[in-house]
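Engineer: Letter by letter, the sequence shown follows residues -27 to -1, 1 to 314 of mature numbering (1 follows the signal peptide of the UniProt record, and there is no 0).
Treat the hints with care, since some could be wrong.
[Claimed, not checked] Across the chosen pairs, the derived CB separations fall in these ranges:
1) S233 to R35: 35 to 43 Å
2) P216 to P89: 38 to 46 Å
3) K271 to T167: 30 to 38 Å
4) D238 to R35: 48 to 56 Å
5) S262 to K74: 39 to 47 Å
6) D301 to A17: 27 to 35 Å
7) D163 to P191: 19 to 27 Å
8) S268 to Q117: 38 to 46 Å
9) A272 to P191: 20 to 28 Å
10) P89 to K311: 39 to 47 Å
Keep in mind the hints are simulated off the structure, nothing from the lab. Quantities reported herein were computed from a predicted structural model and do not represent experimental measurements. For each residue, glycine too, the CB sits at the ideal point set by N, CA and C.
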Amino acid sequence: MTPRRKALIGAAVAVIAALGLAGCSSADNGSGASQPTSSAKASAVTIHDAFGDTVIASKPKRVVTLGWGSTEAALAIGVDPVAMPFQAYAGDKDGVLPWIKDYVAKNKLEMPKVLPNTTDDPPYEAIAAAKPDLILAPYSGLTQKQDQLLKAIAPTVAYPDQPWATPWKDIISISGTALFEPAKATKVLDGIETQIKDAAAAHPEFKGKSIAEVWASPQEFDVYKKEDPRVQFALDLGFTSAPSVDQLANGDQTFYYALSTEKVDQLTSDVLVSYGDTDASQQAFLTSSYGSGMSQVKAGAVAQLTGPAFISAVSPPTALSLSWGLKDYVAALSKAAKAAG
């Protein structure tokens, strides 16, 4: 399973050798920043991301979204993107996520054009054809070269620090700043945070319990780091990150690491969250020689999150997906937390 799939991002991209396009570029110093910063000078906004400063001269009218969560953030803020990424994981045959499809229909909006489903680089020609004045990708895996090529098309906002690791709240706030709608972004965040606080208050069994989150199958066992947005979501509900998650980390990837089956039983926590595409893969893990030996499995303290749509809705949540999957997510966590005692 690739990092993009683990990030639950459907794909981007065809390799285009050269772009004879002139556009707005930004300073590129290759340095990261833990938090985005913005400042207004007259009508302009400046956003600092991992690749430097991006100046957005005026309120964008034609927005292309890339990666995960930016489409939902824009829609919730009141901006209908002209183009959005094809989501192979959890999307329908057209690459559209169910909560986006529902929101567009409910609000009688025009469905954004879906970009080509590619695998390695953003579909530069299709993006350019959409004539964007902003490319929004705060939760993505853009490389420095890709960012430079996109900036030749339009001002591009990437992630603030590490790829595939932007906290879900920051995806919304960064989008609000880039779209010149910070107040609307704050309103969206307030609504989501109210839902989360209400869920946490209704489930005191979450408070203080340690949690570890994994993608487990007979073929692989990957642990999500505490910095990963889906883990941060569980922490928002009152859980704490299990110390073993940090203790076993080995430098793999930004947001997860592979753990050998010989060490799986060392990943201890009160609650284990297990992600899987199918019930069969989940059951195969639980009954495997290494899975069945885990303390959480023995205690029945495993929250199984199964199926592309459900997993995508809550890992991490987006501006539109949270209410779509929150009820089932909380129910799975509650059952596991109660089993943990």
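Engineer: Work down the list of hints and note, for each, if the structure agrees.
Structural biologist: Hint check:
1. Distance hint check: the CB atoms of S233 and R35 are about 48 Å apart, inconsistent with the given range 35 to 43 Å.
2. A hinted range of 38 to 46 Å for the beta carbons of P216 and P89 is consistent with their spacing of about 44 Å.
3. Range check, K271 to T167: Cβ separation about 37 Å, and the 30 to 38 Å hint holds.
4. For D238 and R35, the Cβ-Cβ distance of about 53 Å falls inside the hinted range of 48 to 56 Å, so the restraint holds.
5. Judged by the Cβ atoms, the range 39 to 47 Å given for S262 and K74 holds: they are separated by roughly 42 Å.
6. Take D301 and A17: their Cβ atoms lie about 43 Å apart, and the range 27 to 35 Å is violated.
7. At about 43 Å, the CB distance of D163 to P191 disagrees with the hint of 19 to 27 Å.
8. Range check, S268 to Q117: about 43 Å between beta-carbon atoms, so the 38 to 46 Å window is met.
9. Taking 20 to 28 Å as the suggested C-beta distance range, the pair A272 and P191 conforms, at roughly 21 Å.
10. With their beta carbons about 46 Å apart, P89 and K311 fall inside the hinted range of 39 to 47 Å.
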